[in-house]
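So you can see what is in the structure, the chains are spelled out below.
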Amino acid sequence: MPEKYYIATKPVPPRRPRIGKYGIVDWREDCARCHNCVKKACVYDRHRDEIKYIRDLDTVDSLFFDCMGCFSCVQDCTKNLLCLAINPEYEKLGNSYWTPEIILTTWAQAETAKIPVSGAGYGGKFSGYGFDSMWTDMSEIVRPTRDGIHGREYISSAVDIGHNSSFLVLNGDDVVSPLSPILSTPMPLIIDRIPDKYALPKLDAIIVETAVKTGLLALVDAKKWPPTGVDADKYLPHIAFYFAADAAMLPVEILKKTQLAEIEDDGNVKSRIRALKQIHPGIVVAVRVELTAGGMQRAIDLAAEDVEVIHIVADSDGREIGAEHPMFIKDMIRKVHRSLIENGRRDDVTIIAGGGIALPEHMAKGVLCGADLVSIELPLLVGLECHLCQKCDDSHTCPAKIQEISLSYGVGRMTNLISAWHDQLIELMGAMGMRDARRLRGDVGRAMFFEQLEEEAFGKLFGNRLQA
Amino acid sequence: MANFLEIDCKLEDIIPEKTRKTRTPQFIQARTIRPAPPRYRNEISKYIILRNEERCLKCGKCVEICPQGVHVKSPGYKYFAQPQSHLCFGPVCEKKGCYCITACPEGALHIQENPMMKALGDYRWPAEMILATWKMAENGECPSEDYGYDFETGNSEGGFDRIRFKFPDRPPVELKEEEIDTSIELNRRHDGRPRIRIDVPWYGGGMSFGSVSNTTQLSKARAAVAWNTFSCTGEGGFMERMRPYDDHMITQVATGLFGVREETIQRVPIVEFKYAQGAKPGLGGHLLGDKNTQAVAKMRETVIGISLFSPFPFHSVYSIEDHQKHIDWVKHINRRALISTKVSTPNDVDMVAVGSYSAGTHIIHLDGGYGGTGAAPDIAKKNIAMPIEYAISKVHNFLVAEGAREQVTLVASGGIRNPYDVAKAIALGADGVVIGTVEMVALGCVRCNRCSAGRGCPRCIATTDKTLAAKIDLEWGAQRLINTYNAWRNEIVSILCRLGLRSVSELRGRSDLLMHLDYTNVVVEREA
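Those sequence lines, one after another, are chains A and B.
Start counting the first sequence at 1; every next residue gets the next number (our numbering).
Start counting the second sequence at 1; every next residue gets the next number (our numbering).
Calculated directly from the structure, the hints in this document are not laboratory data.
A portion of the hints provided could be inaccurate.
DSS-like, lysine-lysine: derived pairs with alpha carbons at most 25 Å apart [to be verified]:
no., chain 1, residue 1, chain 2, residue 2
1, A, K79, B, K471
2, B, K118, A, K39
3, A, K270, A, K257
4, B, K382, A, K125
The structure presented is a predicted model; accordingly, all values stated were derived computationally and were not measured.
Looking at chain B on its own, in the form it has when it is part of the complex (with noise of 0.2 Å):
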């Protein structure tokens, strides 16, 4: 008997009439980058400059040497406006012979380190990773060097964080930035269904309509559109005003099935069976009652105003082979769809990752412990579920061992937070990665944490408060989120010219590239 993965089947045999594929015109979306300035009056700096009104001359000398543009003194004016810090560079300006500070004859400026860098971030997302975000969203480049942005790493001290890229001091083969393909696959099956790919090794993580604003649900759907690869639904159902880029959007069927109908199965390329989520593993979605607004209760078929609580896990799921009941089901209802199964990290998630493999999936999406945007107990989001950085590779070389690796691709999320995690993510073995936090920081979040509960987000990003969302232009913020993708991309491209691959496929796996600064690096045999 043939196996029916091998089966090369032409994709009209297999899709009925009645499979639906959308029939509204589809939203178009140029992939062009332009400056979208950040929504509030001042901006946050790493820098402050003080100036001391008495003994500053007005002689201008600071405006005339310092090349960013930080002194503003507007002509008719007798006095400087306000510094704008967050374009100073700080005291690298001093080697570049440009440092206002030993510059003014008087000593009248004085530069110091912002103190409320301390109070913006977290371990994970410190504040100068936050500003770099910002950076990018606003320019759609990486900050320049000047800046002295550490956004490669953060301070959790582990994980990501100790891992290094072991860039050779020239590259191994030269290639221009034209020649490298970023672009993954996401069916490698064979199994007749589209073989689609993406443009870059990511697409967006599921929010869904009540944990974020619709405005920040479109953002994120256009930003897939120009940059050709998808964002998800999450759970709470898919909005009417979602039709024109059911191309590029992912259905989420999670386990209390809220807005999943068929009809939202069939519009749509990828469906995602959401097991489990980074943000509360073996836990529930958790939408708190203050959030349940007309709209989302309308969306999710509820009461306004209660708590919604998904049960855990798929109450029809016992074992793997109800999951393939599930993915059958789904595989029937739209017959061009991929099936796509997320999952968190446990002991066994390799065990996991096989057997979804083995019902038929065709994208495994590992959540890690610590990601997740939406609301989640303290005690889940810290202690439930290992880190992403171990599952990738327990994953990746179990299925390589299945030898199941070819066969499927292996996205991971959790903790994914600039280009150089994606990189380091794909080298321990992912094919690609899917994002979520930092859509949030490119929008203008600060990691308050304050998402879950009232009116929800103070920044507007992650509410349902009409007054509240409504200060988030659409054309804004998706011009934020394409922004950012850009500076991404091209932070990927500049890396894999420096290890002199051609494509984010040569990377998969060459864990031989990274090393870590907690071991020696040099890898012994170990008993099996």
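Just chain A, same shape as in the assembly (with noise of 0.2 Å):
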């Protein structure tokens, strides 16, 4: 059996006091002071417990926010005085995409490195936008493996970045085709830069320590390089460096420790590539197209100009950018997913895709619709206790307060985060009995869309869809 991923976490307390989505309002001023007070009858202690969340006035609101909402005390004290209502700063946190459930799940996930798991079913809605008009499959009889639990140990969610050889070409026992650089990730995921207006610069030795310990790759501004207090030689094959159009070459000896390399698309993209790879012919080059109104046109050109790799990049709630309706990065990936195949290029680039991935199925689904891997930033923002209010220019207003977290507690929660999401990848892989990320790349079969299923369940029962 070959080596298994795995990534090493231990839980990461929260810095800032929970926010819960209930919070328990309590008029104490009728309280009748029963002797046999319901409030001790709560399974949770989050009562019992008063006096530990008092003590620190800083978090006293925390016990009102870690209600579980049972409403057993509501519902059993004898004065009638409980009321349980949804916390209003749990409603405020994030925005229409990245929904306070997106925020509080992530943060979970950051502290614990655990899948969460809850019971009695799923209680949202039937589809929605995005990412959640897709379902995933399964498989009844179908398996990875019979051994083990599920057989997930087997599940490789390694791919590969790089153009890859579709034939050798051989003389004798020699290989005579020229081979080009490929390199491998354990998981479709890449780090990408954070937003500028979300910057901070001690996040970029965060970011890059996160990386080695993930044994992912992360996206790093080649103008920001180095970051203060970071050990070259450690760090170097964990990151790719992003040339802006205006980036200066950085020099060869640090260059040449790298095995992934970003560049701007600036119309000079042919020169450019091959500058780097004159200094580094190891090295792999991918093109970041933004996905304005031309970018998906634009990422099947560069396929066809024999570009290895090309990350398509949605906004930060996976839109197109600029476009008055826009559309979706699923919908986009699956878009230049089937132009590189009709025009038999999709064996010979990796696409990588950007901008809107909030949740770990969000992973596993786009590479679904076609992509490699993706790639995400605010995700390991929100890890940090981040909640996405955009209030980042004045740094005493962050309600996160990042600007003073500590090395070892940013990397800690944005590495759990990420075993949280591989863990949860597996999850889904199993349930479809696949066994290799990389033939999951496309495998719409491995899906189901709401439109189709919509069409194919109800279409001839109803007749058309009302268009909304």
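Put the two chains together into one complex; each comes in its own frame, and the hints tell you how they fit.
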């Protein structure tokens, strides 16, 4: 059995007071002071531990926000003094795409590195926008293997980045066809640069350390190299430098220790790729294509020009950039993927897709739609207890006080989150009976799409679906 | 060679002596509807009434006018008791001329929607559906329209929640409620095995001892006895206390084989193979360590406190032929048993269903991806496998096309929340349904999703903690479920009357009686 991909994790508790979904409202002035107060019966001991919460005035609200929403105390109080409400602080988290549920589950995973588990079935909407309009398939019989628990120990989540030769030319035992450089990453995920509006200098060091701990690659702006306090030899194999159009070339000895570089799509792509490969023939070069109105076509054109890796990036909510009626990243990936197949180029190019990847299922679904791997940045920031409130300009107003975090806290939380995402990818692949993430790419037979299921099941019963 | 399905031999001919039918006297539970009031002191209400004590003259006008008894002023007391807001119909009283808010001469009363309604439930089980189910469990009837509970649909914006019945203005045939037949046949194979009929078109889904308490399991079993239907053991084994319910139990054979013994297979009229479950399709069962108490560990023959994972799938099944061997094995051990095969809803669910039929199953049980009561990874609950609404029509139509539909019973689960969902599922093509979550809600579940860890359910239903489990009285629990079943049956009878159908069987596959709010509802022929 090959060495198993494993991420060492340990719990990293939050620094800031927890924000829960529910809040208990306690009208104490009418309290009858019952000897057998219903609060003593709290299954979670929240009320019993009141004194612990009160000791620290900064976290006193947590008493109410740690409530699990079981209504038991509300329904048993002799004076009917307790109410349960949705916590307004919870409702303020994130935005319409990065919903409070996403923020909270990301915090939990960054803290514990565990897969969120709960009971009582699914309580959400039937389907929804973007990735919520597709389901992943499962098999009643097919498994990755019959060994271990669900065969998941044998699932390989590794994917390749670079040009994959479709055949080899041999002369006797010698391979004579040119072999392009290719690199492997242990899961279909790459860490992207934090957008400028959220960026803090200390995050760069945390991100590259996280890349080392998780064995992943992190994109780092070449202009910012070297981040303070970074051991170049240790980190460079996990760094992929991003060269903006105006970025200067890095020293050869630095570049030669990296495996991947990414360049801005500035119309001069071919000569810049050539320049990089001249310095470091073993490097894989990706071109970053913003998914604006012409973004998809540009990606398809670049593939035709033998670019080996194309990183297509939507906005942070997964939308086409600048469009009045934007497409979603899922649909843009499918379109690019299909075009590449039709042009006979799909196996010649690696597609990295970014923007709107907020949950681990988005990683799997992005790959099912046709990407080889996805890029993330905001989930890692959210893992640091960020509220995505976008009040980053003045560090004093940051509710997560991210400027105060330590390296160990940041790395621990990001590592935990990536580990939890990996475990969840394995769950999905196990259910599908898939053993290799490479084979997941574009396998829409392992996915079910809302429009398709509606048409199949309801089209012949109810006619045509009305347009929204 | 005669088709083995057509052999119509007598039951005595195929039951060998060693097949044991239980000899334990079976429990008798009357189908009596009795009030089963809530366990908790303060009921959650849709509206809350606030009284301004400074303005209130204590005239008692509100007590006089309210037919519901919301306002209570006990004799000899100067002040009113807290308003019984859960009985309040709300602003609808204004039209009926019994609105306390306007009747109060001093304007001391104020009504508002209870803000807690927003915190209760979720999109699939909104607060009003939960409150309505609690009323059904309490009284055995669907709540009066005056309460204004919209329990027929949830807010999930898809599936059953967008499907409605096209009720005619007047029923095409005038039928009396007593004429309506809600029973369904479970064995359609004519293979000499018992032709079991259940009186209602549903039975209770598998919930293991471990996932739910002993009391919860027994309450389910008693309701099954009362309504001549079934309840399922789930994967955790068969408690000795369940022996008096053998004739209404389904033994589940799941991939972990916890508690599966020859004896537990022989005791029951139906044996269910669980390949997958809607809570976590494609993943095995998962009992978190905290709930693996001494009693659970003993039953499952495991070590106390460790998390129990069932493998997925059956390690001995690689094909439909292997599945058939399993079925033959159980059929041989218990010559009177019907076989149910529980699968989830993958892309090829239609092929799975036909394969299972050809392997000899009597009941195909589809468990949709949104269902389930047990612990499951959130990512699985939301994303894996298709919702049941799609799977029912897909499988039904495929079985019809294959000519197998009349030889097999199709039941659906995974999102059946109310009697309207039952009727819609049947109209889409199922023979009946399997229920689970609604039974938990009837026992007081608020869907806080905390059933999985620690001491388990804070509402004392899905727990193995002795202190918590003891808070539910068995008689009470059984009565709540019997009442709920009654309310559901009455509502289904009412639906069938409005449609002019004499039986549930006549409703099966009548998708022409349905409409979808997001469609034109003008059927056009589609190319094959």
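Verification of the hints:
Pair hint A/K79 plus B/K471 holds up; C-alpha atoms about 21 Å apart against a cutoff of 25 Å. For the hint linking B/K118 to A/K39, the alpha-carbon distance of about 22 Å falls within 25 Å, and the restraint holds. For the suggested pair A/K270 and A/K257, the alpha carbons sit about 22 Å apart, so the restraint of at most 25 Å is met. Straight-line distance between C-alpha atoms of B/K382 and A/K125 comes to about 9 Å, which keeps the hinted pair within the 25 Å bound.
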